[in-house]
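There are 2 protein chains.
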Amino acid sequence: MSRAFNFSAGPAALPEPVLRQVQAELMEWQGERASVMEVSHRGAAFVECAAAAERDLRELMAIPDDYHVLFLQGGATTLSALLALNLAGPDQVADFVLTGHWGEKAVDNTQPSMKVSIAASSKAGGYSDIPARDGWQLTPGAAFVHYTPNETIHGVEFHDIPDVGGVPLVADVSSNFLSRPIDVSRFGVLYGGAQKNLGPSGLSIAIIRKDLLGKHGRALPPIFELLNQANNDSMFNTPPTFAWYVLGLVLKWIRAEGGAAAIGERNARKAAALYAAIDGSGGYYRNPVAPAARSTMNVPFFLPDAALDKPFLKEAEAAGLLGLKGHRAVGGMRASIYNAMPEAGVAALAGFMADFARRNG
Amino acid sequence: MSRAFNFSAGPAALPEPVLRQVQAELMEWQGERASVMEVSHRGAAFVECAAAAERDLRELMAIPDDYHVLFLQGGATTLSALLALNLAGPDQVADFVLTGHWGEKAVDNTQPSMKVSIAASSKAGGYSDIPARDGWQLTPGAAFVHYTPNETIHGVEFHDIPDVGGVPLVADVSSNFLSRPIDVSRFGVLYGGAQKNLGPSGLSIAIIRKDLLGKHGRALPPIFELLNQANNDSMFNTPPTFAWYVLGLVLKWIRAEGGAAAIGERNARKAAALYAAIDGSGGYYRNPVAPAARSTMNVPFFLPDAALDKPFLKEAEAAGLLGLKGHRAVGGMRASIYNAMPEAGVAALAGFMADFARRNG
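Just so you know, the sequences run in chain order A and B. Note that UniProt numbering has the first sequence beginning at 1, numbered continuously upward. Note that UniProt numbering has the second sequence beginning at 1, numbered continuously upward.
Check the hints yourself; a few may be wrong.
[Claimed, not checked] Here are the simulated lysine-lysine pairs, DSSO-like style, with alpha carbons at most 30 Å apart:
1) K210/A / K123/B
2) K215/B / K115/A
3) K210/B / K105/A
4) K252/B / K123/B
5) K123/A / K105/A
6) K105/A / K215/B
7) K115/B / K215/B
8) K310/A / K123/A
9) K105/A / K115/A
10) K210/B / K105/B
11) K105/B / K115/B
12) K105/B / K215/A
13) K210/A / K105/A
14) K210/B / K252/B
15) K115/A / K115/B
16) K115/B / K215/A
17) K105/A / K215/A
18) K105/B / K215/B
19) K105/B / K123/B
In short, the hints are calculated from the structure, not lab data.
Please work from the sequences and hints to get the whole structure.
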């Protein structure tokens, strides 16, 4: 056996040096005479491990001091439900800008708890573009504006942060978390699951401007009250310690790789190489997204005939290229090229695609 | 370095053969050419891994077919909040029997969503006993009766299942999950975090009688609707795959050890040995719990003088006995002796306690 290039959409590839370290210290972690999975989250060793992850994330993303950084469970979907409960009362309005599946999911999980208005949507066009900013119908006095900067399934990404005036911008960054530098101060909330760019599944992160919490006026179960997690270093209850530890190692790896700027440049090169392979195939491969809205993280593409999908996937697997099947909602192929995907993986995929097109053209 | 005996209350010791297997296959899992952390939860390999864990849990606990088995996130605390939302409407009543800290927490997380009545509590006596069944003031027509069969902090355990007539019994079994055979059919819901007896933190399990879901009449965010998880094999959203995989290995280890009956007998022997060390110390060590309500899982004990706590903990650590500090709510010591703690660990602790008492008596 040997490790292959893994293009899964999430859970996704992790940096190999991180996995090697996890393996090496799995039985005995840091002189604790126990696995990191076995030690108390309240012991000095794990508390420092957790705090180091927060420090590294704050440094890598240049998170201002007036933001909480919360390490939570339940994925972005659970967080979207909790944010609705924590950021506003039931009579307030949340504006949504929809550019794909996950924006719709966030609406579903917000709607039962407050008013929702769809400020803009590219659904009519099959989520292949971003609605022009000047057409957004924002609600005056909205509690927040929610959008999904990168839509994993449709492969649509905002390359600029939209200006929504003084209303807090809430962004589900599950699939482009720390994929390049970002101005956190432009947001009210950045949130997402870790399992694409930052770690294993089972851990989610919320970066929340401090003044936004604790004003909803609802009677919530304490475990749903994000302020309780903020006031307890995300240990209001037992956290997912192993996932937190692995995330910490991934953050150290990103630092060693040069930080957000270097990672962002590499991600841009990877995306450029893959879109070049698609656009340079003489129409054999097709990406349906408007060029200005193409994702650097998730690249969906279609073959000339859906009957070729199976042989493509089978031969790709044999060539050591895994996880390329598109999401069932859209079909075709999808290559997820998150932070941990090396440039060599993208080059191998591009080479395979050219060879496959030649043999099946 | 070498591994020590770990008496942590949770996250807690895992079986060493499980950790060795995790370590061995960490880089490449089951011919997938990727870590188990990196593969899609919707791929055939992980789907089978997840299903095998459910099958093994159903077999080990003899769970009837009319019960869902859900693999979730957020710990028992989150689950108690979700159960209140899923099992009843806001005007219904939940009866609580309190025998310690975690029962109180469940009340806190139920109260905002429905009516709560404390049917019985041993708080006045410092949670050192179980309120006699004939004094419980159950509410006619209650939606459910909640109790905590084993209270981790106070070390109080029910050794029989209380009879509450036809009202569904809801039990937080976080700290005695699969610690011995149990008649699941006596319960409406058994739920708990995995991080004490069954796996790493970040995974919780709910075993729910099927007829209890979907009748609450509330407008819930879909991610809070447990029926959605039930209808999607607990993959309504991305599950904590690594924790689920480790739990599966722990269940296979329990099977190999002889199943619930054999584990239960071993746990009884371990508890008997430790209480004998306390009771046989001529009053040097003291466990405050009524003998009939003593926990087989969590054994709190006090030294004759709190000034001895620090040297006791320091010398115990040097002797390879970890995690013995009592919860801050009660002080003193606590030995958690879950499924993965070998009898040799308890024998080593008992020997150390006798030696320490001799030297500091």
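Contradicted hints - numbers only: When the structure is compared with the hints, numbers 1 and 4 turn out to be violated.
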